[in-house]
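J.: Read off the chains here:
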Amino acid sequence: MAQKLRYLSPEWRDEAEKRLKAELSPKKMNNISSSMSNIYNNCPDGKTRYLVFRFEEGSLSELLVGNGEPPAAEFIITGDYEVLAKITRAELGAQKALMTGKLKLKGNMIKALKLASIADRLNKVLSTIPAQY
Amino acid sequence: MGSKTENKGRFFIDFPARIKSIQAEMAKKNIDVYLGSRLRTLSWTLDAFCPWRSFVVIPAEGLPAAFSFVIDAARIADETWLPEEQVFGFAPMGGQDQIELISDYIKDLLKNGKGSVGIESGMSNYLPEGWLSHYEYQRFNNALEGCELINAHTIIDALSLIKDEGTINRFREASRIVDVGHKAVYEAITNGGWKGMTETEIAGLAALAMRREGSEWEWSFTGGNEIASGYRTGFTGGACTPATRRKLAAGEPLMVDIHAMFMLGLGDHSHNYLIAPVTDRQFWHAKNFTDIVALTLKTYKPGISPSLLADQMMAFAEDRGFSDYMVPGFEHGIGLLGDEWRIGLNNGPFPYWTNPDHVYQENEVLICAMQYACQDDNIGFRYENPIVITKTGCEEMSKFPLSVDEIK
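From first to last, the protein sequence lines stand for chains P and G. Just so you know, the working numbering puts the end of the first sequence at 133, numbered straight through with nothing missing. Just so you know, the working numbering puts the end of the second sequence at 408, numbered straight through with nothing missing.
So that you can see chain G by itself, here it is in the shape it has in the complex:
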């Protein structure tokens, strides 16, 4: 299922208009053809899941063309909004390898085979980002003789910053699905159900419940559904916890960070538990955590920046005596699949990291995210929830109640 059959109703995204907006920016920057290779660019322009190396070629006017590894190209052609003849598969055959196929296609679009070609080059902490590799750059540069390759990813980054209604609704639906997953986990682990369970089992039962609701994938590259228990919740540098075969144990914390995907919109919500018996110290940590999450959600609004928000939250944590346990970051970026890392544009003091002074605007979507970790007490909690910045505040997309639940 994909764009061809499902891009309608409240999930509709006007992809032809998106392409025209890219083409308008290309014209302003004197770029004749845009060669996109990042996963986020592919999702944003094709409305199809492209797990293999893929490219999109956007001409100055008219329809783009998608290129992917031939073994998966027919599925992409079936799912994307583009007509079938605009989707190509590449293969290790004469004239059909990705460099020759795409270069020939680009040259046919250019007057006398010459012009400027926008590419995507940069760096990321997100491994499947999909930047053009050095080798690919060299090969395209040689194959496109007479063309100038210009780094142009900012075009897509700027246009995709503010989300349209269809995108926001896809995120809302993915979050609704995540909430069903959380409910299934809650029901499974309460009343002694947790006994004998492993982290991987919890990840799986959440996945089953979410798939039943229509989730396409536990999309996170950090291990799908991230489940941590006991000391694993308390790593200070521990914002990534792929589930292990570790068994849940009495007296330990449990972190359930689950992910659903709906039409490339992403659900990502983390809920936390304490398995009885719970100590006063553990309750103290839990109260600190839920209080700072609630305050953070209340503080998000247009005009605030990541650094301003972090200052306020860390001041609160300092007043309450738990700042030592807070990782001083309260967000990560999010967009259609592949767009997961920094906030805003690449215009901060450290290239390709979040600009701490990025000013949030209405209809930006981000993950309100924070990590509370006390390694000495073997305890930690994580909060993640996609939020959309509204006119006056933010809307939490996951509606699962904020709490650290004690389970017996």
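Chain P extracted, bound-state conformation:
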């Protein structure tokens, strides 16, 4: 794929869904059932966007992008667009961003610890999408 997709656009979402489903088997996702909402503050157009992942027994059941109020999720990660984009490009680790206060996590930390490596796997796949940020 030579063409770069605009990050968080519907086209980017479709490609992300395709790649996540192809590359992350339920086993690789530890058969988890959980959901995570990334809230992007200060997007280039000044808006707030969300990216929501929902997994049922390890399978991606929903991937949503949108503006405004996000749907409910077990974990909510909030940060500036630039920070979350860096994570998607694999230029910054999610753990480091959380530990330096660049991101804010809402949700039970005990469970989040178990899901840290899974989040990294997600981001690794997303980083392979040629995208325009």
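Hints listed in this document are in silico derivations from the structure and should not be mistaken for laboratory results. Built from N, CA and C at the ideal position, the CB exists for glycine as well. A few of these clues could be false.
Claimed, not checked - As a list, the in silico DSSO-like pairs of lysine-lysine whose alpha-carbon atoms are at most 27 Å apart:
| # | chain 1 | residue 1 | chain 2 | residue 2 |
| --- | --- | --- | --- | --- |
| 1 | P | K28 | P | K47 |
| 2 | P | K86 | P | K104 |
| 3 | G | K114 | P | K106 |
| 4 | P | K111 | G | K4 |
| 5 | P | K47 | P | K111 |
| 6 | P | K104 | G | K107 |
| 7 | P | K106 | G | K111 |
| 8 | G | K391 | G | K298 |
| 9 | P | K106 | G | K298 |
Said to hold, decoys possible - Which bits of chain G does chain P cover? Going by a derived footprint, with three or more residues having C-beta under 8 Å, they are:
| # | segment |
| --- | --- |
| 10 | 73 to 79 |
| 11 | 87 to 99 |
Given the coordinates of chain P, assemble chain G onto it according to the supplied hints.
T.: Showing chain G alone in chain P's frame:
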């Protein structure tokens, strides 16, 4: 192991009822949320061992939530009676540090995020008490804008004063275990077994015997099992003797003060020895000690106070000519792990010290404790035994026979 699997039978404690009793007191004092931070509060409400900084948030109604350092939170969730979703771990991450996590949780419980929040502030001689620190207070005060932070620890202190049957039985079991530890020490040091032994070795063999019986920990913050020999038994200000590498020696006293924990109930009993050859003077000291212990145990009953008891015991010691060697205190407080220091409530002449006029009531548990010390003779003895005040007297929880044994 913990509350989820073991809180049953004779060790059962009705934790939901405890929480409701706290909530009833909160309502009377117009407190919307209680933020507990003391180790004693955590043990008393969560039925879990919380060695790292932890908090309990008790809402006006419904279940409390536990918060601990994330590295230990999953174990606490596994052990406490609370459902897993009521236990949270905090970590140095955005939104997950203890101040933000707990403040957000509290604000969600309050109408418009505003209300009164009970906290635990005070002082103690017991280092791991867990009062809210000045820094934590300031941070919570800033994070809970629109809330009033009110010192409210008396709620827990008053409710936890009289022990229920399950708590008393946990103490009885911890004392049974301590007695096994004492038996193991006795068997190890008699018939010349003491030769070449160190205080730390005695502490360890007592620990092994007690662990085999199910003790979770030699819980005392004063050094686990406190073993003293020779001159170390005779310090006048020496009610704390963590074991050292000192070797036992002929002609010296030996103090064995050991601790077991069973489901957060605490065993704490001290037994004393004289290693042969024993002088008449040493026997005289020993007789003084066992006599005053026996009299003290006979005197404990509902209605007596620490000062009244001390007056009577010191008068006895004066009559017998050994009052110079008695520390004029005959008790210390005790409760589930973390509750170890003063007797009764914080209502005495010196804040956060034992009220000398506290009147004992049935089903209070305390440590009958005394220290006999003659520094000039390099000799001393300690007595400690958890007792429960009964209708007419007291029950000694450790059944290890009172004596100062001569060992050869």
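J.: Decide, hint by hint, whether the structure agrees.
T.: Evaluation of the provided hints:
| no. | hint | in the structure |
| --- | --- | --- |
| 1 | K28/P to K47/P | violated, 34 Å |
| 2 | K86/P to K104/P | holds, 15 Å |
| 3 | K114/G to K106/P | holds, 21 Å |
| 4 | K111/P to K4/G | holds, 20 Å |
| 5 | K47/P to K111/P | violated, 30 Å |
| 6 | K104/P to K107/G | holds, 17 Å |
| 7 | K106/P to K111/G | holds, 20 Å |
| 8 | K391/G to K298/G | holds, 13 Å |
| 9 | K106/P to K298/G | violated, 58 Å |
| 10 | 73 to 79 | holds (count 3) |
| 11 | 87 to 99 | holds (count 10) |
Violated hints for the displayed structure, listed by number in ascending order: 1, 5 and 9.
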